[in-house]
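Asks: Chain residues, written in single-letter form:
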Amino acid sequence: MIADASNFVQSVDSTFIFIVAVCVFFLVLITVLMITFVVKYNSKRNKKAVNVHGSIPLEITWTVVPTLLVLVMFWMGWTGYKQMTDAPKDSMVVDVYAQMWSWSYKYANGVESDTLYVPLNRPVKVLLHSRDVDHSFYVPAFKMKKDVIPNRINTAWFQPMRLGTYEVMCAEYCGLRHSYMYSAVVVMPEDRYNAWMTQQVQKQKQDSTADSSTSEKSM
Amino acid sequence: MASDSIALDHNGHEPSYLEYEGKHKGLLGWILSTDHKRIGILYLISILSFFAVGVTLGFLIRLELLTPQGTIVGPQAYNEFFTLHGVIMIFIVVIPVIPAVFGNFFLPIMLGAKDVAFPRLNLLTWYLYIIGGTLVLLSLILPGGAADTGWTFYVPYSVRTGTNMIFTLTAVFILGFSSILTGLNFLTTIHRIRAPQMGWFKMPLFAWSLYATSWIQVIVTPIVGITLLMVIVERVFHVGIFDPSLGGDPLLFQHMFWMYSHPAVYIIIVPAMGVISEVIPVFSHRTIFGYKFIAYSSLAIALFGSLVWAHHMFATGMSDTAEFVFSLLTFVVAIPSAIKVFNWTATLYKGSIELEAPLLYALAFIFLFSIGGLTGIIQGALNVDIYLTDTYFIVGHIHYVVFGGTGMGLFAALHYWLPKMFGRMYNKKVARVAFWFVFVGFNVLYFPFFILGWMGMPRRSYHYLPQFQTYHVISTVGSWILVIGLVLMLGNLLRSLINGKKITERNIWGGETLEWTVETPPTFENFENIPDVINGPYEYKQNEPATIEEEVK
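First to last, the protein sequences are chains R and P.
In terms of my numbering, the first sequence has 188 at position 188, counting the first letter as 1, and numbering is strictly consecutive.
Add 1000 to the 1-based position in the second sequence for my numbering, that's all there is to it.
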């Protein structure tokens, strides 16, 4: 069996499937009843109508049953949502910056990147910053999303559970090139991630020495 | 006005409202008329014209999305298209359409009144409407370009974009007044000038639906008015209200916007539910099932529907308490809608059903609105909504509710009442053929949106990834079928007004509400004398077993 891409996929899918199943049941029920009545009680067959003013037992049934069902749906949604808000304490923290119209990521050690590289199975907490207007950090494969709002740091987290590269999209309309505002999450094995990170740290050191040497020259 | 002041025609017959000549003649006799029926017709013509503009924009959007990018226009034009499509369809078409056209025309007649409570105010609402609509169209022509923010005008983008935002925002502000005043007028009419024997529970359900809607209009519309005014102030004077770079709060904007715009969904849908509650018993030739439950559920929708606005904001990072409460209430508001659907279906039971065009559209309403409502429930669940919000799923949902609901309600109303309004019958066969084009086209166009949404396609996207193309192509083909249906349907209705079969029969369909007791088309004053209201609106006494007394006779 292929693993889910993130820890949220299962709860979102199961809530969705439960609600869809209930909905399909009621939709089919209503549709079949409508068609049956229209055929059976067509004026050609049924010349004389009968007045049925209502039925209290029926009204109670079709109020109480849907109410109970929606309460179950609500609870599934709520518990699934709680899981999305409570990031584990040992999460790796990454700052995400959104701007018209690109994404960038900054790790705790100062390393910056245009693509989000993360190790497999490690919870990742993202701190969402906007440099201009509203955006929304959306990783469809992980079934997670959070709005990125200026002057406010929203947080979200996820635990990647399958290796691969997944699209990051902007889900909140943000102007001309909103629909081109893509980035990617790359889920790597732990050792490869560490190798990448070491490389980045070294590159950053070189850059900063290069920077300081140029700044010395200019002085 | 006493009836002796009305000029009778040469047969001594009181002229219909269409022929009646008052102080003004010709065009002025229309645009200065305070007659609720003429104002209804003014609204009908203007709203259908804007509807044509909105449909054209929607058609172009679909055409653009035929390929992943750059089919007919660039991204800026595309962004303006979907913004205008939304603004026109929401604020200029579906919010006013049923109350302003059919409410104006039929509410007073259904209540046994000669006009609405404030006829001049009524005419003023039409002028406000025209000014608002014109401003939106002007924003298209003037340099700067039409608004490109989406119909939701989210700040900070709406404060920063260089397009003609002020025109659009002012337009919606003015349209809001038109809506508030119509609501106020209807509330007063229903409370104050019903025929003496027209008790609350003798009112037709269409009147009940307008009553619930009017309360929402009066209470929540000022919120969007003031909010958009603040955005204008922010743009012009750089006062920080919503834009954080000026010290404002962007989430405050979202709360205030949805505090109106969610209840607005009920302003849009409840009158259509009223239409359906009229059409189903009439074409089943029997009494409605659960009258009081349908009436009270309109009020329940108005109440709970005003308390669920933040379910548009589940992904914005609100507190857990807010998420919990708004999700729970969102599920609760589904119940009264479900009650209505069950009662309508039960009304078909043991009827003597005539499957005319109005009933076809009413049944389509039940089916499509059920899909719209049920997909709303799907998004009421917090974890699922986090995934689906701002994707094509929500776009599918809104179109099933607003077009599948109010659109079908409007088409049902047109086929039901237009012959009464003009005394001309449309071609029934063409109407049924057009219906199937509309119904099939609608589903082919919008159902793929749910699949695209579940696949993760974000809304308001000019460009999309290649894996989504198949569904976009299907959807675009659907838009062509739908347009054929709409042209056929409206063409048939329009043609009937010119050379349709003339009818003078009062009760065309066998309805039991008061509009079927007056002349076709109605006279200027509707009733010679205020009618006695003995029966309830859907009694269908002929269905009851004859009493012994009657048998003796």
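One should not assume that every hint holds.
What follows is a set of in silico ranges between Cβ atoms, one per label pair, in the way DEER data are often shown [stated by the list, open to error]:
| id | chain 1 | residue 1 | chain 2 | residue 2 | range |
| --- | --- | --- | --- | --- | --- |
| 1 | P | K1429 | R | I35 | 17 to 27 Å |
| 2 | P | L1032 | R | L29 | 19 to 29 Å |
| 3 | R | L58 | P | K1502 | 49 to 59 Å |
| 4 | R | K125 | P | R1432 | 55 to 65 Å |
| 5 | R | Q99 | P | L1140 | 24 to 34 Å |
| 6 | P | T1071 | R | G164 | 41 to 51 Å |
| 7 | P | V1433 | R | S43 | 35 to 45 Å |
| 8 | R | L29 | P | L1246 | 23 to 33 Å |
| 9 | R | L29 | P | L1142 | 14 to 24 Å |
Keep in mind that the hints were calculated from the coordinates and are not lab data.
We put the CB at the ideal spot given by N, CA and C, even for glycine.
Asks: If a hint holds in the structure, say so; if it doesn't, say that too.
Replies: We went through each hint and held it up to the structure:
1. P:K1429 to R:I35: 17 to 27 Å: 21 Å, holds
2. P:L1032 to R:L29: 19 to 29 Å: Given range 19 to 29 Å: violated, Cβ gap about 52 Å.
3. R:L58 to P:K1502: 49 to 59 Å: Since the Cβ atoms of L58 (chain R) and K1502 (chain P) sit about 44 Å apart, the hinted range of 49 to 59 Å is violated.
4. R:K125 to P:R1432: 55 to 65 Å: 59 Å, holds
5. R:Q99 to P:L1140: 24 to 34 Å: 30 Å, holds
6. P:T1071 to R:G164: 41 to 51 Å: Given range 41 to 51 Å: violated, Cβ gap about 31 Å.
7. P:V1433 to R:S43: 35 to 45 Å: With Cβ atoms ~21 Å apart, the hint is violated.
8. R:L29 to P:L1246: 23 to 33 Å: 53 Å, violated
9. R:L29 to P:L1142: 14 to 24 Å: 52 Å, violated
In the structure shown, a violation is registered for the earlier hints numbered 2, 3, 6, 7, 8, 9, in ascending order.
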